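For the record, the sequence lines run as chains A and B.
Numbering follows the numbering used here, in which position 62 of the first sequence is assigned residue number 62; successive positions increment by one, without gaps.
Numbering follows the numbering used here, in which position 48 of the second sequence is assigned residue number 48; successive positions increment by one, without gaps.
Treat the hints with caution; some may be incorrect.
[Unchecked claim] The following residues of chain A were derived to be distant from chain B, with all beta-carbon distances above 12 Å:
| id | residue |
| --- | --- |
| 1 | Ser10 |
| 2 | Gln20 |
| 3 | Asp23 |
| 4 | Thr40 |
| 5 | Leu83 |
| 6 | Leu98 |
[What the hints assert, rightly or not] Computed spacing ranges between beta-carbons, pair by pair:
| id | chain 1 | residue 1 | chain 2 | residue 2 | range |
| --- | --- | --- | --- | --- | --- |
| 7 | B | Arg347 | A | Tyr81 | 50 to 58 Å |
| 8 | A | Asp23 | B | Glu226 | 20 to 28 Å |
| 9 | A | Met36 | B | Arg215 | 53 to 61 Å |
| 10 | B | Glu226 | A | Glu27 | 32 to 40 Å |
| 11 | B | Thr186 | A | Asp16 | 28 to 36 Å |
| 12 | B | Ile127 | A | Asp16 | 15 to 23 Å |
| 13 | A | Gly17 | B | Asp97 | 50 to 58 Å |
Source of the hints: derived by calculation from the structure; they are not laboratory data.
Note that the coordinates shown come from a computational prediction; the quantities given were computed from them, not determined experimentally.
Note that CB positions come from ideal geometry on N, CA and C, so glycine has one too.
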Amino acid sequence: MASINLHGNSYEVDEDGFLQEPDKWTEDVAKAMAEMEGITDLNETHWKVMNYLRDYFKQNGIAPMVRKLTKDTGVNLKEMYELFPQGPANSACKWAGLPKPTGCV
Amino acid sequence: MARTDIGPPDYRLMLPETITSNYGKWKYHEILKPGVMKHVSETGDELYTVRAGSPRLVSIDFIRDICDIADKYCDGHLRFTSRFNIELMTPKKENVDGIIGDLKKLGLPIGGIGDCISNIVHTQGWIHCHSAATDASGLVKSIMDELYEYFTEFKLHAKLRIAVACCINMCGAVHCSDLAVVGIHTTPPKVNHEKLASTCEIPSVIASCPTGAIRRHSDKNINSVEVREERCMYCGNCYTVCPSMPLADPDGDGVAIYVGGKVSNSRKPPMFSRLAVPFIPNNPPRWPEVTSILKKIVEVYARDSKKYERLGEWIQRIGWERFFALTNIPFTEQHIDDFTYATETFRATTQFKW
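With the rest of the complex left out, here is chain A (with noise of 0.2 Å):
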């Protein structure tokens, strides 16, 4: 298991760099990982859409499925993939600290 390090803290991650000890979450985790991803600041929207997936997961124990995503944030795909470069799979969701999609992805 690797392990990043991020503003001096080191957290363990996987070959993938999601984050592997989910109670280690913070803002600076999501804005540390969006800046190795080239987003230097992040915005209103990219809150409010890591926060939605933070609360949806907290609440149903998964991640949503994309609709249900864009239907609640009123972010659409397109939008999306402008805000997270990876899309809300491999950027939102290892942003906000949830665990790996897995899946024939």
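Fit chain B to the known structure of chain A by using the hints.
Chain B alone, transformed into the frame defined by chain A:
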């Protein structure tokens, strides 16, 4: 930013001249000999095709080698078939022997056209996949070595399709092939309770189980799942959605053999393949038990079938009890379906052969 969403290149830009000028105007074709076809157009043009087997998993050097042959005889054109065979096409009959000679120099077998065993549709196996219960490339090489003569000669009464899938996700065509080899597990998953909650979505894990064997951990303090082993049939679906439930086991994993599927609508409608051998343990690198039983089935089928009769049609004609008797495969309780629509597969008639 780089241009995106441009799709694949237009196939029409890569067609040989003879195909472009005769597109949609073909009159008939004939198979001249194993691996060689001739298409004749309404304009009188002829196109000769030489088909050679390939191992599917190839190096770039291999691709360059066949490109060299295409440059030499086919104006730089070649194609791959839907079973990963290579086809080199030329309008000149005198080029055919040269193509065959050069392909043979590379060690590629010429064949796969007509009533024969063409290439094996297969998957990743231990080369690349995390959920494999058996290998694909190794198994395919062992099987094709054993059945080589059926690729290069016409020794059957109809086509015989073989497919290999390394787990029951069944990527490829195992569920609809005359002979199919599928990797299976025989041990339940081992749950990693410490890691599960941080790496998996528990509701998805529970919903992934086809038999409802997974439920939340009975201890409320442990955020994890439990597997009721008496309900588990080791499909590995839960491992696909949750990396903390591995079930691969070197001694427990192996293959099952299915028979009698087809996709074409000729004569009989398409059929699913059905279980013939429930379990054979993995025995790399040559899987001798698997190859010998496949060869046995092919030989009995080749001897006993009628002209044009696919393996599934042959079994429908002679009946399953005759199939098991002729091939000497023991019929076990694993052969009896016990999933959702099992009753449809039971015998609801007094007709049977002793």
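Status of the hints after comparison with the structure:
| no. | hint | in the structure |
| --- | --- | --- |
| 1 | Ser10 | holds (16 Å) |
| 2 | Gln20 | violated (6 Å) |
| 3 | Asp23 | violated (8 Å) |
| 4 | Thr40 | holds (17 Å) |
| 5 | Leu83 | holds (15 Å) |
| 6 | Leu98 | violated (8 Å) |
| 7 | Arg347/B / Tyr81/A: 50 to 58 Å | holds (55 Å) |
| 8 | Asp23/A / Glu226/B: 20 to 28 Å | holds (23 Å) |
| 9 | Met36/A / Arg215/B: 53 to 61 Å | violated (38 Å) |
| 10 | Glu226/B / Glu27/A: 32 to 40 Å | holds (35 Å) |
| 11 | Thr186/B / Asp16/A: 28 to 36 Å | holds (31 Å) |
| 12 | Ile127/B / Asp16/A: 15 to 23 Å | holds (20 Å) |
| 13 | Gly17/A / Asp97/B: 50 to 58 Å | holds (56 Å) |
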